[in-house]
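Protein chains in written order, with the working numbering: chain A, 1 to 369; chain B, 1 to 254.
The reader is advised that the hints may include incorrect statements.
To be verified - Heads up, simulated DSSO-like pairs for lysine-lysine below, C-alpha to C-alpha not over 30 Å straight-line: (1) B/LYS145 x A/LYS109; (2) A/LYS63 x A/LYS249; (3) A/LYS140 x B/LYS38; (4) A/LYS216 x B/LYS145; (5) A/LYS249 x A/LYS190; (6) A/LYS140 x B/LYS12.
Just so you know, the hints here were simulated from the structure itself, not pulled from any lab data. Treat the numbers as computed from the prediction; the structure is a model and nothing was measured.
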Amino acid sequence: MGIMLSFQEVTKIYPGAEHIKAVDSLSFNLKEGEICTLVGPSGCGKTTAMKMVNRLIPITSGKILIDDQNINRMDTIELRRSIGYVIQNIGLFPNMTIGENIATIPKLKGWDHDRITEKTESLLELINLPPGEFMDRYPKELSGGQQQRIGVARAMAVDPPIMLMDEPFGAIDPINREHLQDEFLKIQEKVKKTIVFVTHDIDEAIKMGDKICLLKDGKLVQFASPEELLTQPVNEFVKDFVGGDRTLKRLNLLKVKAAMSPAPPVVMKDESPEKAKSMLGELKADHLFVVDNENRLMGYVDKEALSKKADEVGDVTRSTDAFLPASSSLKDGLSEIFTHDLGYIIVVDEDKKVLGILTEDGIKEILRK
Amino acid sequence: MQIRLFYPFIKKFGVMAATAIIVILLYQYYGALEYTTKNLSEFFRLTLEHFFLVIVSMATAASIGVSLGIIMTRKGFERFGSAIMAIVNVWQSVPSLGVIALAYAFLPLVGLSGIGVVPALVALFFHAVAPIVRNTVAGIQSVSKDVIEAATGMGMTPNQILFRIEIPNALPVIMGGIRTATAIIVGSAPLACLIGGGGLGFWIFTGIALMDMGIMMAGAVPVALIAMLFDALLARLERIVVSEGIQSGEYQEA
Ligand SMILES: Nc1ncnc2c1ncn2[C@@H]1O[C@H](COP(=O)(O)OP(=O)(O)OP(=O)(O)O)[C@@H](O)[C@H]1O
Ligand SMILES: [Mg+2]
Chain A
1 MGIMLSFQEV TKIYPGAEHI KAVDSLSFNL KEGEICTLVG PSGCGKTTAM KMVNRLIPIT
61 SGKILIDDQN INRMDTIELR RSIGYVIQNI GLFPNMTIGE NIATIPKLKG WDHDRITEKT
121 ESLLELINLP PGEFMDRYPK ELSGGQQQRI GVARAMAVDP PIMLMDEPFG AIDPINREHL
181 QDEFLKIQEK VKKTIVFVTH DIDEAIKMGD KICLLKDGKL VQFASPEELL TQPVNEFVKD
241 FVGGDRTLKR LNLLKVKAAM SPAPPVVMKD ESPEKAKSML GELKADHLFV VDNENRLMGY
301 VDKEALSKKA DEVGDVTRST DAFLPASSSL KDGLSEIFTH DLGYIIVVDE DKKVLGILTE
361 DGIKEILRK
Chain B
1 MQIRLFYPFI KKFGVMAATA IIVILLYQYY GALEYTTKNL SEFFRLTLEH FFLVIVSMAT
61 AASIGVSLGI IMTRKGFERF GSAIMAIVNV WQSVPSLGVI ALAYAFLPLV GLSGIGVVPA
121 LVALFFHAVA PIVRNTVAGI QSVSKDVIEA ATGMGMTPNQ ILFRIEIPNA LPVIMGGIRT
181 ATAIIVGSAP LACLIGGGGL GFWIFTGIAL MDMGIMMAGA VPVALIAMLF DALLARLERI
241 VVSEGIQSGE YQEA
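Given these sequences and hints, build the entire structure.
Following this line, the structure appears as structure tokens:
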């Protein structure tokens, strides 16, 4: 995929503050569909860098290209309408209903009524707010989290290929923030926008970014993938900024799938209890996981369960929650391993089909890489 | 629960009934009713003149005041705006009678008659325009910066932002200014007759001059009713034009 957004030696000096470069010859390229998180200490120029993309702030020198076109050569209004814009304080229009808020730019673009309704409804569905319930409500009647989701939907109303988001979840409490982040990543999987995402929170930057752009005093310190930033910080500043718990952060970032080992023997639910008993003996194990005909995890059996009279293993299977999806983070995986005290945990896919197991050794090995 | 449901109605009709009783008592007690029925055609003429004074000065004050207020909030006009604001504030502290006197004294200097309907309208207009300008400016300035930034960043033009965002969100405050202005106009309109502007003030001042409470009440009571009517109409108008999204739940209707 091609370069969607390109910063080339972009510099910003504010009038009246000539002695400092708010952004100092910043260069980086962003591919289509990538999220780039701009992160760094307060005042490092994140917001300034972002707002130059939709020309809310004029560039002092250098240039920004979108799809190889210099943004300074484009019509300002057209440029802005082709870029979704989400700010920390949301800025929903209080005088308009949710539907009208989302439909603002489509209306100005002269879309017909049916197309607008269709788009608004599908966007509300995308952000998990039932259109029937929310379309005609006013911003003041919504919670902060709901308002922020509307802000995101409004920014996506005309399907802009690029989105700019300035601390979009900054004003939301930590629990809901995490939820919104997850939800947003799910949406991004579907819509594949090219996104510049400003945050001052390194954890959020790592979680949300395909690329992280770490700034200090207007200068680019490191531009790298989250994994690279964590494993190969270019200097002490990056190390400090990322924090002493780099390894734990990697646990958060890496997925269970990457550290998984092959599944141990399992028993089908329609096997006889005798067969299961002999398997236990052979494996010198004290329990066996049971799956159905399609390899879906059903639970486990141990000696005690198998000593009961039954025709099939399935009849004496006990349920278990010692499993987790392959898409979970290694941090969750590690936590589950400790919780269940088996020394490992079963890894399943979305249909609960057994894929493998996760062990402490597996985790250690991948962290050593 | 049931009673609470009817509370707004009780309140509304209670106010109306109380007003009606007071009006009837005043009319009966001072013999104003007799005077009015005897001079019915004059009553209608004066009432019409009064409405004319109020409506025309109100409409001009509202349209010019709101426009001025908007201009003062546009980019590049801020400095010019604060100058006008200072003038407007000083101006508003001049009492009604003073404004009428000023109109009488100064209009001839610009070649207009100091006597009649026109100077009365000019005086009322000048007196009412101040709160409208002030509230328009305050209303537009009170629209959240984040809302404006979101609108700009989304690609709305300054005009679209003005008409779709700034004015609609400033409306409750602007309407507040218009209601204040109306109260001022309705309150000052009786003075118009002092410079030949006509209206119900004529009976009030005649009554005072003759020390006849009947004639005075025949003018004063309808003036008070007109004031209440305009305030109620504006409250109703406000409910219609102001978006539900920014109306405060409990509304006071006069
Ligand atoms: N309008 C302005 N005029 C002058 N200087 C400004 C202006 N806006 C920002 N600056 C300066 O430019 C620098 C970068 O500011 P910017 O807002 O981009 O930082 P930021 O990284 O977004 O910070 P934060 O995390 O606090 O939001 C700061 O030193 C700031 O003081
Ligand atoms: Mg910022």
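Okay, the hints, checked on the actual structure:
Straight-line distance between C-alpha atoms of B/LYS145 and A/LYS109 comes to about 24 Å, which keeps the hinted pair within the 30 Å bound. Our distance criterion of 30 Å between C-alpha atoms is broken by A/LYS63 and A/LYS249, whose separation comes to about 34 Å. As the CA atoms of A/LYS140 and B/LYS38 are separated by approximately 57 Å, the hinted pair breaks the 30 Å bound. A hinted pair counts as satisfied when its Cα atoms are at most 30 Å apart, and A/LYS216 with B/LYS145 qualifies at roughly 27 Å.
Simply put, A/LYS249 and A/LYS190 have alpha-carbon atoms about 26 Å apart, close enough for the 30 Å limit, and the pair holds. Restraint check: the Cα-Cα separation between A/LYS140 and B/LYS12 comes to about 28 Å, which is no more than 30 Å; the hinted pair holds.
In this structure, the earlier hints numbered 2, 3 are contradicted, and the remaining ones agree with it.
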